[in-house]
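For this one, chain A is given, so just place chains B, C and D on it according to the hints.
Okay, here's what each chain looks like letter by letter:
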Amino acid sequence: MRKSIIILIALLGVGWVVWNLHTVLLQLPDDADQGPVYRIMFFHIPAWFSAGIAVFIALGSSIGYLITKNLKYDAVALATTEAAVAFLTIGLVTGSIWGRISWGIWWTWDARLTSALVCWLLYAGYLVLRTAIEEPSQRARISAVLQIFAFADIPIVWYSIEWFRTQHPGPVLRGSGEMDGAMKAAVYANWPALMLVAAAFVLLRLRQEEVKREIDSLRRIVHAG
Amino acid sequence: MAAAAVAVRDLWKFFGDYPALREITFDVEPGTCLALLGRNGAGKTTLLRLLAGFSHPGRGEVRILGAGVRAPETRARLGVLGHGISLYEELSASENLHLFGSLFDLPDPARAVDEWLERVGLSRVRDGLVREFSRGMRQRLAIARAFLHGPSLVLLDEPFTSLDDRAIAVLQQVIREGLAAGCTVIMSTHQIREAMELATHAALLARGRLLYHGPRAPEMLADPGWLYAQYGEA
Amino acid sequence: MTFWRHTWTVLTKDLRAELRTKEAVNASFSFAITILLLISFAFDPTEEMTREFSGGLLWIVFAFAAVLILNRSYARELPNDCLDALIASPAPASAIFLGKALSNLFLLLAVEAVCFPVFGIFYNVRWIGQFWPLLLVVVLGTWGLTVVGTMFSALTVNIRLREVMLPLLLYTTMIPGLLASMQLTVHLLAGEPLSTAFVWLRFLIGFDVIFTALALTFVDTVLVG
Amino acid sequence: MDQRNIEFMFYGLASAWVILGVYALTLLTRERKIDAELKRLRGLVENREETK
Chain A
516 MRKSIIILIA LLGVGWVVWN LHTVLLQLPD DADQGPVYRI MFFHIPAWFS AGIAVFIALG
576 SSIGYLITKN LKYDAVALAT TEAAVAFLTI GLVTGSIWGR ISWGIWWTWD ARLTSALVCW
636 LLYAGYLVLR TAIEEPSQRA RISAVLQIFA FADIPIVWYS IEWFRTQHPG PVLRGSGEMD
696 GAMKAAVYAN WPALMLVAAA FVLLRLRQEE VKREIDSLRR IVHAG
Chain B
12 MAAAAVAVRD LWKFFGDYPA LREITFDVEP GTCLALLGRN GAGKTTLLRL LAGFSHPGRG
72 EVRILGAGVR APETRARLGV LGHGISLYEE LSASENLHLF GSLFDLPDPA RAVDEWLERV
132 GLSRVRDGLV REFSRGMRQR LAIARAFLHG PSLVLLDEPF TSLDDRAIAV LQQVIREGLA
192 AGCTVIMSTH QIREAMELAT HAALLARGRL LYHGPRAPEM LADPGWLYAQ YGEA
Chain C
9 MTFWRHTWTV LTKDLRAELR TKEAVNASFS FAITILLLIS FAFDPTEEMT REFSGGLLWI
69 VFAFAAVLIL NRSYARELPN DCLDALIASP APASAIFLGK ALSNLFLLLA VEAVCFPVFG
129 IFYNVRWIGQ FWPLLLVVVL GTWGLTVVGT MFSALTVNIR LREVMLPLLL YTTMIPGLLA
189 SMQLTVHLLA GEPLSTAFVW LRFLIGFDVI FTALALTFVD TVLVG
Chain D
174 MDQRNIEFMF YGLASAWVIL GVYALTLLTR ERKIDAELKR LRGLVENREE TK
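Chains as they are written, first to last, in the numbering used here: chain A, 516 to 740; chain B, 12 to 245; chain C, 9 to 233; chain D, 174 to 225.
Among the hints, a few may not be true.
[What the hints assert, rightly or not] Derived BS3-like pairs (lysine-lysine); straight-line CA-CA distance at most 30 angstroms: (1) A:Lys-518 - D:Lys-206; (2) A:Lys-518 - D:Lys-212; (3) A:Lys-518 - A:Lys-587; (4) A:Lys-518 - A:Lys-584; (5) A:Lys-727 - A:Lys-518; (6) A:Lys-587 - D:Lys-206; (7) A:Lys-699 - D:Lys-212; (8) D:Lys-212 - A:Lys-587; (9) A:Lys-727 - A:Lys-584; (10) A:Lys-699 - A:Lys-587; (11) D:Lys-206 - A:Lys-727; (12) D:Lys-206 - A:Lys-699; (13) D:Lys-212 - A:Lys-584.
No wet-lab data here; the hints were simulated from the structure.
Next comes chain A alone, as it looks inside the complex:
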């Protein structure tokens, strides 16, 4: 894909987020219990959603690689996993800052935080493993299998830690309606905006992987001759 299109998508995403920020900061009232700090949620929640979607795509393309042996799928898995780790980091950091005000502490070993941290570790491990393998086909195959293992582990981690301890507020978007309609709408409005940013990241990373493949074959020519 052309670089200019990627930049356009990125600018569109960023612009949309800024526009949403304007709504969130100026038009929505403070939360009755939490005060202004709850506005972090407009980043926090969509960041988790985006990371979740990225992880699903990464799993799909890893399986796709194992079936087709087409390195494009491997590049997609890598690009989406990297974006997922970036958004997981946002989720963890914003959540921690929010917790400092709402709970009075930066970090608590509550179920969701702990599960999120474990997910982050699993996917960071995937990225580290990739750096340790030189040969592209071998790297693609082995990391695809690890991707499947990591994904399978997420629900197990989730349940184990859920049983172990819980402090995080329950799902705020469904059920008892802890969140006001206008606020909910703002969360949902910020989600596609962040997804656009994520898409720009992924597309840029994919382009880089393509260039890297070209570099690899050029190297072969240089060395062979």
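The following block gives chains B, C and D in isolation, referenced to the frame of chain A:
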């Protein structure tokens, strides 16, 4: 017409985007011995590893004795001798052979092991650990391991490299007997003269392509460099 | 039937080769005892509090000891290209894997069997009364550790930094399994019956089943390029 | 208390932007590096073909 021992069709192997093997197509008839020639990096080992089922081709197909490479019945009829000796240092000669005898589902592993230890001249040290063996003894044991289950196709990667005289004699003898019994042999090699004495066919690989495949011509025996010179690889 | 015979062949081969040199077992055992000792410096073992969570510490010791055995599992096939000969044989990769995993299980259980009495003496914990339920939990937890670890041993066998990558991947993936084992062990060492912690037992069995199935499915993909 | 509340809201929002920015920056530096490498290798290959 009987099925070819090895049928290779439009075979490609990629490492990343780099094609290590390109559109390789050839047949090997049962009971023949093919010498696979080519310089370092020409793709000889890659081709042998594909035939042995250590890795999957990027494109194309390999049929061995009419079946797929990874099929259990193919594996049972395949003997492989690679760069390493594939023996366990901590186990004794007979334990090593027993291990592979039982992995290959031999009906009477004990007898096969005894026979082969006798053939490669290691009966007296059957209970010695491989760790304590000399180079030549290890190589002879490796030959026994590769031929233990009476394979109908044998793949040898540089078999004569770094063998001592006695091991070369044993290997040549074993290959001759195998060929006489209808076994098919494919070997990659640098030592053209030793290989050419055994080979009925020859193939030349260069940069992943098959340049020549055909019967061994008398010129090849007389002048080891002949084939290379013919195809501008000298 | 043939599958199990191949499994048995590889199992006995690995055990025999290991017990001739005892390289991995000795290292693993001395490491385990050292860590037990070190932990007793970090937490005062005579305190009631320490005794309460010491069951959890035990699993940290086991996890550390396991890596030394698991790292050797596939690496021991490398020196003479033995792995090639195993793959070339008619034995399926899953049977070879299972044989290796069982051999690791056996070795690790042996190390643990020595650790338990030492632990009981150092930390003044009585565990004899709970012998059978404890044995069940230890076997299940250790099986999870070995099946995931043997898989990752296969995954990392041909890559740089093998010794570092294995624990990095193993520990994050093992978190739910270790958590369940720790919960159960602490519970049992407190003198409670197994029946009151049944959910954790079921969870641990589920963990073992899922990862055994995944490993048996994908080990062929990992080893045959 | 309210002051701190607002302050932390800004920290939270800023941290999200910072993380996005840092990731974008690593992507861009990598972009520059591989572009340079590509140019270098292309030059090498062209040179080689000219001399042939």
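We went through each hint and held it up to the structure:
no. : hint                  : verdict
1   : A:Lys-518 - D:Lys-206 : holds, 16 angstroms
2   : A:Lys-518 - D:Lys-212 : holds, 17 angstroms
3   : A:Lys-518 - A:Lys-587 : holds, 18 angstroms
4   : A:Lys-518 - A:Lys-584 : holds, 27 angstroms
5   : A:Lys-727 - A:Lys-518 : holds, 16 angstroms
6   : A:Lys-587 - D:Lys-206 : holds, 21 angstroms
7   : A:Lys-699 - D:Lys-212 : violated, 49 angstroms
8   : D:Lys-212 - A:Lys-587 : holds, 23 angstroms
9   : A:Lys-727 - A:Lys-584 : holds, 18 angstroms
10  : A:Lys-699 - A:Lys-587 : violated, 37 angstroms
11  : D:Lys-206 - A:Lys-727 : holds, 10 angstroms
12  : D:Lys-206 - A:Lys-699 : violated, 42 angstroms
13  : D:Lys-212 - A:Lys-584 : holds, 29 angstroms
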